[in-house]
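Number of protein chains: 2
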Amino acid sequence: MTANARAIDIHNHVVPADIPPYAGKHGGNRWPQMAPCDARHKNVMIDGKNFRTVSDQCWDVARRIEVMDATGIGVQVLSPMPELLSYWFPAEDAVAFSRVVNGAIAEMVARAPTRFAGLGMVPLQDPELAARELERLMQDGFRGVEIGTNVNGVAIGDPRFEPFFAAAERLGAAIFVHALHPASLERIVGPPRLVPFVAFPGETNFAICSLITGGTLEKHPKLRLAFSHGGGTFAIVLPRLAQGWTISPALREIIKVNPRETARRLYYDTLVFEAKTIGFLIDMFGMSQLCVGSDFPFDGGDKEPLREIAKLALGAADLAALHENNAKRFLGLA
Amino acid sequence: MTANARAIDIHNHVVPADIPPYAGKHGGNRWPQMAPCDARHKNVMIDGKNFRTVSDQCWDVARRIEVMDATGIGVQVLSPMPELLSYWFPAEDAVAFSRVVNGAIAEMVARAPTRFAGLGMVPLQDPELAARELERLMQDGFRGVEIGTNVNGVAIGDPRFEPFFAAAERLGAAIFVHALHPASLERIVGPPRLVPFVAFPGETNFAICSLITGGTLEKHPKLRLAFSHGGGTFAIVLPRLAQGWTISPALREIIKVNPRETARRLYYDTLVFEAKTIGFLIDMFGMSQLCVGSDFPFDGGDKEPLREIAKLALGAADLAALHENNAKRFLGLA
Chain D
1 MTANARAIDI
11 HNHVVPADIP
21 PYAGKHGGNR
31 WPQMAPCDAR
41 HKNVMIDGKN
51 FRTVSDQCWD
61 VARRIEVMDA
71 TGIGVQVLSP
81 MPELLSYWFP
91 AEDAVAFSRV
101 VNGAIAEMVA
111 RAPTRFAGLG
121 MVPLQDPELA
131 ARELERLMQD
141 GFRGVEIGTN
151 VNGVAIGDPR
161 FEPFFAAAER
171 LGAAIFVHAL
181 HPASLERIVG
191 PPRLVPFVAF
201 PGETNFAICS
211 LITGGTLEKH
221 PKLRLAFSHG
231 GGTFAIVLPR
241 LAQGWTISPA
251 LREIIKVNPR
261 ETARRLYYDT
271 LVFEAKTIGF
281 LIDMFGMSQL
291 CVGSDFPFDG
301 GDKEPLREIA
311 KLALGAADLA
321 ALHENNAKRF
331 LGLA
Chain A
1 MTANARAIDI
11 HNHVVPADIP
21 PYAGKHGGNR
31 WPQMAPCDAR
41 HKNVMIDGKN
51 FRTVSDQCWD
61 VARRIEVMDA
71 TGIGVQVLSP
81 MPELLSYWFP
91 AEDAVAFSRV
101 VNGAIAEMVA
111 RAPTRFAGLG
121 MVPLQDPELA
131 ARELERLMQD
141 GFRGVEIGTN
151 VNGVAIGDPR
161 FEPFFAAAER
171 LGAAIFVHAL
181 HPASLERIVG
191 PPRLVPFVAF
201 PGETNFAICS
211 LITGGTLEKH
221 PKLRLAFSHG
231 GGTFAIVLPR
241 LAQGWTISPA
251 LREIIKVNPR
261 ETARRLYYDT
271 LVFEAKTIGF
281 LIDMFGMSQL
291 CVGSDFPFDG
301 GDKEPLREIA
311 KLALGAADLA
321 ALHENNAKRF
331 LGLA
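Here the protein sequences come in this chain order: D and A. Under this note's numbering, think of the first position of the first sequence as 1, with each following residue one higher. Under this note's numbering, think of the first position of the second sequence as 1, with each following residue one higher.
Incorrect hints may have been included.
All copies of an identical chain are treated as equivalent in the list; a pair is satisfied when it fits inside any one copy or across any two copies.
Below, computed lysine to any residue pairings styled on SDA-like, alpha-carbon distance capped at 25 Å [unchecked claim]:
{"no.": "1", "residue 1": "LYS328", "residue 2": "GLY279"}
{"no.": "2", "residue 1": "LYS49", "residue 2": "GLN125"}
{"no.": "3", "residue 1": "LYS256", "residue 2": "PRO191"}
{"no.": "4", "residue 1": "LYS276", "residue 2": "VAL257"}
{"no.": "5", "residue 1": "LYS303", "residue 2": "ALA242"}
{"no.": "6", "residue 1": "LYS49", "residue 2": "ILE247"}
{"no.": "7", "residue 1": "LYS276", "residue 2": "SER288"}
{"no.": "8", "residue 1": "LYS311", "residue 2": "THR246"}
{"no.": "9", "residue 1": "LYS276", "residue 2": "ARG307"}
{"no.": "10", "residue 1": "LYS311", "residue 2": "THR262"}
{"no.": "11", "residue 1": "LYS303", "residue 2": "VAL257"}
{"no.": "12", "residue 1": "LYS311", "residue 2": "ALA275"}
{"no.": "13", "residue 1": "LYS49", "residue 2": "GLY74"}
Keep in mind that the hints were calculated from the coordinates and are not lab data.
Extracted from the complex, chain D is given alone in its bound form (with noise of 0.2 Å):
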């Protein structure tokens, strides 16, 4: 692998290596807990049930710092494991809770400040509460938040949200959209665990058009939000969805700019698996809307996140607006 030591991913993920027991008062049930496995792996426990076994490359500066090097990425975007945003909690566990993971996020970057930045979580079950937390986080030097693509099943472009999103516009932070819980579940077929492949980049869809549709794209102008995997099958869907707006006057009377103007605001990440597919979506989105993103470190990921952006063969400054500056525009750093 070739290295350029400058690029960013946005795209990764962190959990803690150990999670204080629950302390609250309304049961925990779901308070996730991590369990020993082996020398390099725990469990993360969720209502009692493995939700997943991870390494020590999600919490472990120095483990990650090694494949960063091997891999070309100069700088990781922390954020959550997504299945930690636990948007199921009441807002009292969902704050004590999110301070632990914030709390693990922010000491990583600490221990490497010129090689991680971080995105924390906020209760955003209870926008009001979240948008006060988001204050707090960006005190403390977080780029931002991640936030899942729906929650508890309610698309995020839903008006119920609106304080959360006028806060971030207003505190110029970073939204790291991830693909969360999806819909549709009962159309797949097949063995188990093909939700991630198949459901994810719909669901992401649904979060990208639901902000589009609903207005809040266009209420806050500002707003800076980026999508996980290449936000999922948005590409496909925006001209569908621009030609519905110029058909449909009900939706030219909640938004007068076209989603095609609108979707060339947006930043989404190149972790699609494909280097047709990244070339698409520059053609779609705009060559300063994408920026690197590699899952990791899940098994899901792409482990040479570079690889099908070099397949482009695109010249210097392309090449440095995907690794790097359309990363630094993103996070408030340009």
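Given the coordinates of chain D, work out where chain A should sit on it, guided by the hints.
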């Protein structure tokens, strides 16, 4: 519009001018009926509600040919308006209703056999019965059938549909799969009537994925299927599914062939409203797998179904493939 008088449009729909009143014994509340509207339009009444106001282009051969001539379409492959597939019927009513619709299509083909080919409908809610009805349709000169992406919420890759697909393979029937009643509607935010724009493409993806991951396509290598709206979002999901296949032993046990290869066996229409998307579909599926689609005569369709293809500035052989030769292979006419 420049005319290529030989282009074959595989995606356009028929509504019968008239539907006889319900004559069964199961109540028949959802038996569609045609109600007068104005000189050139009727309302399709289903369950006492106006499902859609449709124009006489849905049934009038001369009116259709007029538009075909103006837009470069030599042949329309007629299929039912998808809502008419009526998978809600008990078997007996389903057969009766499908014969009404199939009769209307057969009559249109008979009136202009050089300009139309027919895809009928079968009662897929009873797969054995659907297989028998398909046999009858093929004897009657139909090229095959249109089916929905799901039958009352069950994706078409479910094993229960095996008898139908086995019959289709044996009979050499072309199957056109159209998005129908998508899941995930709870993820849509905004004004009414967004479903076809934001949810149809993902629904088609689930249908294709289910046929792959459930093993149907591997079990029936000679099946010829085409998917509406460019296969929906499947082109973007495919590399991710292929990545999943490489890391999932359970999936590799069910399917031996990389999904990327299987994808290049299927046909897809070009109804994606964007030349760049058609280019991407060609990259992912092959020049040999795309066919013209318009959704004629409905509002959400493409009034100039050859326009985006023309922007690709393809050579004569490739253009002939997209305009007609691929469709002939799909239809079993090559």
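Structure-based check of all given hints:
1. LYS328 <-> GLY279: within (21 Å within a copy, 31 Å between copies)
2. LYS49 <-> GLN125: within (23 Å within a copy, 38 Å between copies)
3. LYS256 <-> PRO191: between (44 Å within a copy, 14 Å between copies)
4. LYS276 <-> VAL257: Answer is between; shortest inter-copy Cα gap is 21 Å, intra-copy 28 Å.
5. LYS303 <-> ALA242: between (35 Å within a copy, 15 Å between copies)
6. LYS49 <-> ILE247: Close across copies (23 Å), not inside one copy (49 Å); limit 25 Å.
7. LYS276 <-> SER288: Both, since 17 Å and 18 Å are each at most 25 Å.
8. LYS311 <-> THR246: between (36 Å within a copy, 21 Å between copies)
9. LYS276 <-> ARG307: both (12 Å within a copy, 23 Å between copies)
10. LYS311 <-> THR262: between (28 Å within a copy, 24 Å between copies)
11. LYS303 <-> VAL257: The answer is between: 23 Å across copies meets 25 Å, while 38 Å in one copy does not.
12. LYS311 <-> ALA275: both (6 Å within a copy, 22 Å between copies)
13. LYS49 <-> GLY74: So LYS49 and GLY74 fail the 25 Å test inside a copy (35 Å) and across (60 Å) alike.
Violated hint: 13 only; the structure is consistent with all others.
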